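Peer 1: Please take these sequences and the hints and turn them into a complete structure.
Under the UniProt record's numbering, the first residue of the sequence shown is numbered 1, with each subsequent residue one higher.
By construction, these hints were calculated from the structure, which means they are not laboratory data.
There may be inaccurate statements among the hints.
Unchecked claim - Think about it this way: if two alpha-carbon atoms lie no more than 30 Å apart in a straight line, the pair counts; the simulated BS3-like pairs of lysine-lysine are:
| hint | residue 1 | residue 2 |
| --- | --- | --- |
| 1 | Lys94 | Lys42 |
| 2 | Lys2 | Lys114 |
| 3 | Lys42 | Lys54 |
| 4 | Lys54 | Lys89 |
Remember, predicted model here, so these are calculated numbers, not experimental data.
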Amino acid sequence: MKISVKIIKGSECTIEVQEDMSIAEMKQIVSNNLQIPVASQKLVYLGKPLSNEKRVRDYPQIKDGSKLICTVLPSTVTQKQPDDQNVLKNAMYKFLTNYYSAADALKILTPFMKEMDTSMSSLSLDDLERFAVTYGSEEKLTT
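Peer 2: Structure below.
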């Protein structure tokens, strides 16, 4: 089903959600569309906040065409550039949604990002040096 999410005094997007999707997963889709970190989002429907642990089906009032309000919680950290992992995650999500539903894209993306994080954290200095030598020369970067 398609629902709208509107930021108070801000932008709006329409997202595709499934009834078995968690509110946390829905917040990730909102994050990818509106560039609001999941931790800074509070989704509200009919004046009541939605719980991250619940699923869309736990809110039977939410139907196709419903409109949610997203309040942006104040950040305790100053605004900064998104980290590289979020940039990769957002790019992968946008790519995957060209071929899969939003829910399926998240099902693919979540384990991929966990596997990538595990793989990257297990790299040795020798691995990083080989990577730098292989891909870091100017000739290879410009061709």
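Peer 1: Are the hints correct? Go through all of them and say.
Peer 2: Hints, one by one, checked against the model:
1. Lys94 to Lys42: holds, 23 Å
2. Lys2 to Lys114: Holds - the C-alpha atoms of lysine 114 and lysine 2 are around 28 Å apart, at most 30 Å.
3. Lys42 to Lys54: Holds, because 14 Å separates the two Cα atoms, which is no more than 30 Å.
4. Lys54 to Lys89: holds, 23 Å
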